[in-house]
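K.L.:
Sequence:
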Amino acid sequence: MPTPNQPSDAAALATAVSAMIHALLDQFDHHMTTRGPFHEFHAGGNLALGDPGTTVSLHVQMVVMAMDPAIEARFVELRFVSLRIMKSRGGGFVSLSCLHGTANELQARLEALERDPAYLIERIRELAQGLPQETNPDIWR
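Read in order, the letters of the sequence shown are residues 535 to 675 in this note's numbering.
No lab work stands behind these hints: they were computed from the structure.
Beta carbons are placed, not taken as given, at the ideal position from N, Cα and C, and that holds for glycine.
Where hints are given, some of them may not hold.
Stated by the list, open to error - Cross-link-like lysine to any residue pairs, in silico, SDA-like; alpha carbons within 20 Å at most:
#1 K621 with E656
#2 K621 with G578
#3 K621 with G579
#4 K621 with D560
#5 K621 with H593
#6 K621 with D563
#7 K621 with Q595
#8 K621 with S591
Unchecked claim - Restraint ranges, calculated between C-beta atoms of paired labels, are given here:
#9 E660 with A553: 16 to 22 Å
#10 H573 with A545: 42 to 48 Å
#11 P571 with A546: 33 to 39 Å
#12 A545 with G624: 17 to 23 Å
#13 T567 with E660: 17 to 23 Å
#14 R608 with G664: 31 to 37 Å
#15 E656 with E606: 26 to 32 Å
#16 D543 with V610: 17 to 23 Å
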């Protein structure tokens, strides 16, 4: 994984994001349930984005979470990935939720993204540039 002081080219960034996805998949069967709540699990690391003179150091986390069925009954089977990025040493994350689906759908999507992580790389770049989607923490469990 690139260090915070080392600019990432596209191949290095893809390798780092694929490694995070692989780490999620390694935990998937141990933590995941098909219905109801489960203990969230995550993978993460430090990435550097940008050109050599304007590199931004980021701490990136991918967290697999359950949706709260108290809000809507169909959420009992839905899971999602929360993509979180810390851009400053002062703390605080920007985040967005993505990849919503059942446990099987989410696992299949993560397996495909491990081979070609372009979708998640684009979401990371959006968050790094300050363009996050708002997420609703009341839906998280």
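K.L.:
The structure should be examined with respect to each hint, and the outcome stated for every one.
P.N.:
Quick rundown of the hints versus the structure:
1. For the hint pairing K621 with E656, the CA-to-CA distance comes to about 16 Å; that is within 20 Å, so the pair holds.
2. Of the pairs offered as hints, the one joining K621 and G578 holds, with about 14 Å between alpha carbons and a cut-off of 20 Å not exceeded.
3. Pair hint K621 plus G579 holds up; C-alpha atoms about 12 Å apart against a cutoff of 20 Å.
4. Annotation: proposed proximity of K621 to D560 is violated, straight-line Cα distance about 27 Å (limit 20 Å).
5. Under the criterion of a C-alpha separation no larger than 20 Å, the hint pairing K621 with H593 is consistent with the structure, at around 7 Å.
6. Distance hint between K621 and D563 is unfulfilled; the C-alpha atoms sit about 31 Å from each other, more than 20 Å.
7. With a C-alpha separation of about 12 Å, the suggested pairing of K621 with Q595 holds against the 20 Å cut-off.
8. Using a Cα cut-off of 20 Å, the hinted pair K621 and S591 holds, with the two alpha carbons roughly 7 Å apart.
9. One distance hint, 16 to 22 Å for the beta-carbon pair E660 and A553, holds here, with the actual separation near 21 Å.
10. At roughly 34 Å, the beta carbons of H573 and A545 sit outside the given window of 42 to 48 Å.
11. A hinted range of 33 to 39 Å holds for the C-beta pair P571 and A546, which are about 36 Å apart.
12. For A545 and G624, the Cβ-Cβ distance of about 31 Å falls outside the hinted range of 17 to 23 Å, so the restraint is violated.
13. Take T567 and E660: their Cβ atoms lie about 30 Å apart, and the range 17 to 23 Å is violated.
14. In this structure, R608 and G664 meet the distance hint of 31 to 37 Å, their C-beta atoms being roughly 32 Å apart.
15. For E656 paired with E606, a C-beta distance near 28 Å keeps the hint of 26 to 32 Å intact.
16. Distance hint check for D543 and V610: the Cβ-Cβ separation is about 42 Å, which falls outside the suggested range of 17 to 23 Å.
In summary, the numbered hints that this structure violates are 4, 6, 10, 12, 13 and 16.
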